[in-house]
Structure formats: structure tokens, C-alpha cells
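K.L.:
Next come the chains, spelled out residue by residue.
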Amino acid sequence: MATQIYIITLRGGYTHESSRDVQRLVRGLGGYILMATRTGPIIAIDESRAPLVGRNPLVEFLGPVTLNPNGVAAGILTRIFAENLSKQIEGGAGSQPGLNG
Amino acid sequence: MGIGKDLLDVPFGDMIFSMANAIANSQRKLDAASLRTLRTLAGTKFDFIPEVTEVLTPKPLDPIDLGGGQTVTPTGVDIKVFPSPPIKLTLLQAGLVPQFYQFTESIIEVKISLSSKLDISHSSEVDIGLEVDTKVEAGGGLLSFFGGPSGSVSTSFSSHVNIKNSITYSYTAEGSSLLRTTLKPVPPPVRFMPRFITVNALVSPPAINTSE
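So the protein lines, in turn, are chains A and B. Residue numbers 1 to 101, in my numbering, belong to the letters of the first sequence in order. Residue numbers 1001 to 1212, in my numbering, belong to the letters of the second sequence in order.
There's no promise every hint is true.
Claimed, not checked - Label-pair distances were calculated between CB atoms; the ranges are: (1) B:Ala1024 to A:Gly54: 21 to 31 Å; (2) B:Asp1078 to A:Glu83: 19 to 29 Å; (3) B:Thr1075 to A:Gly54: 57 to 67 Å; (4) B:Gly1175 to A:Glu17: 48 to 58 Å; (5) A:Ile89 to B:Leu1066: 39 to 49 Å; (6) A:Gly54 to B:Gln1102: 14 to 24 Å; (7) A:Thr78 to B:Gln1102: 22 to 32 Å.
Unchecked claim - Cross-link-like lysine-lysine pairs, in silico, DSBU-like; alpha carbons within 30 Å at most: (8) B:Lys1005 to B:Lys1111; (9) B:Lys1045 to B:Lys1080; (10) B:Lys1088 to A:Lys87; (11) B:Lys1117 to B:Lys1164; (12) B:Lys1045 to B:Lys1088; (13) A:Lys87 to B:Lys1080; (14) B:Lys1117 to A:Lys87; (15) B:Lys1029 to B:Lys1045.
If you are wondering where the hints come from, they were derived from the structure by calculation, not from laboratory data. Glycine is no exception: its CB is placed at the ideal position from the N, C-alpha and C atoms.
Input sequences plus hints: build the corresponding full structure.
P.N.:
Spelled out as C-alpha cells, the structure:
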């Protein structure tokens, strides 16, 4: 299975705690947090494990997305994703990015 | 009963219809999920700083004494950073687009194996027995008066017949069906995605750029 980027919306709206809990869940399942927004985190995770995230009661919606390189800020997003990814790869499972959005 | 009739009884039409119906329903749900993702991306904003201006100005450092009365003054540089005010940009504007999926190929495969077997066996066994028992006794009786011996004759007849008939009929039917479909990511449909029209009023005349 391939790694896919997803955007998550949180049930009941964004709270710091719920966002953190979902981020921990994603990291526990071997996924990565690419960006944290006020809607919910943008994650990268194996497609086979994505349903486990979607079934969590804190998660309202899990939608697959892709990056359009022609977007006006595609370069910025790529840089943010890369920075956050590098922190998690270097820091192990415990490290999580701050709010970017 | 006929095997040909059994094969004709397999509801191929219903199976194909059910599969096509399931694929159509799944495709509709997938498209609905992608549209929901599109709305989410269009509603999620983040602070985008389009420009960062860096101003480099000379900042001479302290002279370095080289000895012999010679000194050199390194050229230092002072850097001032001026980020432009952040603007709210949606993730969709920034370049994240929903992933769309499409069923590209579907295969329905039905395997059916029918077999019938008829065994008829017949066996019979006949056993016939005949037994004659004659007894002759000397003396006494009226017969002996005429000079003959006295006696008795008994005859027994026995027979048995075993007949075994067996007819065995067996009929087995085995079937399996396989439904296989391929789901592939595809680019967003053109009609689903908004066009971005950028008007650059910094130049004269204003430049208009359209992107999907």
C-alpha cells in the first residue's frame, strides 16, 4: 500500500487537546503530521491504516488530498511539510509539529 | 434434470447488475467524499507571507592588526528582514487539491461445477436343496405278512433365494464467484475544481493569469 496525504476535520471543532490526541494517534499508527491547521491536522499515512484514524471518535472526516505543484503556495506547503517531517523523523514518535495554519 | 438447465439457472444478469450497482454507489460515495474534502480545503485558511524582503547594509567590523603597523577592516554585513504582512490563503488556493478515485476496470468471474452419477447394481443368489429320506424296517406289520419288509419314505425340499438390488444416485454442484475491481486515483474533474484568476495590478496594464 502507498502513503497518502489526508486532511482531518475534528469532531466538535478544533481544540488544542483534540488535535494533539489525533496527532498522537496518527504517530502511533506510523503516520506523520505534515501540518497542523485550525481545521485539523494534515497527515501522511499508509492507506491501509487510514481507516483506523477515520474511525476515531475525535475525527469527523478524513479526506485524501494531493499537492498541486502549480498552486500559488505549493512551494511553501512543500517546505512546511518537509520541515515538519524532518522533525518527526529525527525526533522519533514523540515529536509533533506546532500549529502552522 | 439437466446440467445445461442448471447452468442456465445461474443468475448472471442479477449478479452483473448487483456488481454494477455496487460500483456506481461506491463511485458516488467516493465523489461525495472528495467534494467534502474540496469544501474543507476551501474553508481552511492559513497565514501566507508572500514576500520577505532582506536588506543588506554594510556594517564594518573592528580593524584587525596584521602587525607592522598594518591593519585591515573586514567588511561586515547587517541583514534586516522585512516580512510582508501575512494574508489569509486557503489550502485550496495554496495548492492542496482533493484526491479523486475512479473504478477503472471490473471483472466478474463465475465458476460452476456440476456432476451427477448413477450406480445400479443387481445381485441374486438361489440355493435349492432336495433331501430324500428312506427308512426300511424288517419284520412285523401287514407287509411282513406278505413277505415284504416294512418301511417309510420321507422327502424334504428346501430352497432360498437372495436378491439384492441397489440404485445409487448422487448429484453434486459446486460454485464460486469472484468479483474484482480496480480503483485508481485520477485528476480532479475539471468542472469540480474552481479556476483561479489572478489579476496583477502592479504592472500596467494589469496582467491576468488563469490557472486550474
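K.L.:
Starting from the hint 19 to 29 Å, judge whether the C-beta atoms of aspartate 1078 of chain B and glutamate 83 of chain A obey it.
P.N.:
The hint (19 to 29 Å, Cβ to Cβ) holds, given that aspartate 1078 of chain B and glutamate 83 of chain A are roughly 27 Å apart.
K.L.:
How does the Cβ-Cβ distance of glycine 1175 of chain B and glutamate 17 of chain A compare with 48 to 58 Å: does it lie in that range?
P.N.:
Since glycine 1175 of chain B and glutamate 17 of chain A have Cβ atoms about 54 Å apart, the given range 48 to 58 Å holds.
K.L.:
Would you mind confirming whether the straight-line C-alpha gap from lysine 1045 of chain B to lysine 1080 of chain B stays at or under 30 Å?
P.N.:
Holds: lysine 1045 of chain B and lysine 1080 of chain B sit about 28 Å apart, inside 30 Å.
K.L.:
Is the hinted pair lysine 1117 of chain B and lysine 87 of chain A satisfied, with a Cα-Cα distance of at most 30 Å?
P.N.:
Measuring from Cα to Cα gives roughly 71 Å; hence the hint is violated.
K.L.:
Please test the hint of 39 to 49 Å on the beta carbon pair from isoleucine 89 of chain A and leucine 1066 of chain B.
P.N.:
The hinted range 39 to 49 Å holds for isoleucine 89 of chain A and leucine 1066 of chain B, with Cβ atoms some 47 Å apart.
K.L.:
With the threshold set at 30 Å, check whether the alpha-carbon distance from lysine 1045 of chain B to lysine 1088 of chain B stays at or below it.
P.N.:
Given that 30 Å is the threshold and the Cα spacing comes to 6 Å, the pair holds.
K.L.:
For the pair supplied as a hint, lysine 1088 of chain B and lysine 87 of chain A, is the alpha-carbon distance within the 30 Å limit?
P.N.:
holds (26 Å)
K.L.:
Does the hinted range 22 to 32 Å hold for threonine 78 of chain A and glutamine 1102 of chain B at CB?
P.N.:
holds (26 Å)
K.L.:
Holds or violated: are the alpha carbons of lysine 1005 of chain B and lysine 1111 of chain B at most 30 Å from each other?
P.N.:
holds (15 Å)
K.L.:
When you take the CB atoms of glycine 54 of chain A and glutamine 1102 of chain B, is the distance between them in 14 to 24 Å?
P.N.:
holds (21 Å)
K.L.:
Starting from the range 21 to 31 Å, see whether the pair alanine 1024 of chain B and glycine 54 of chain A falls in it by beta-carbon distance.
P.N.:
Check passed, 23 Å falls within 21 to 31 Å.
K.L.:
Would the hint linking lysine 1029 of chain B and lysine 1045 of chain B be met if the CA-CA limit is 30 Å?
P.N.:
holds (26 Å)
Against the hints set out earlier in the document, a violation occurs for number 14 only.
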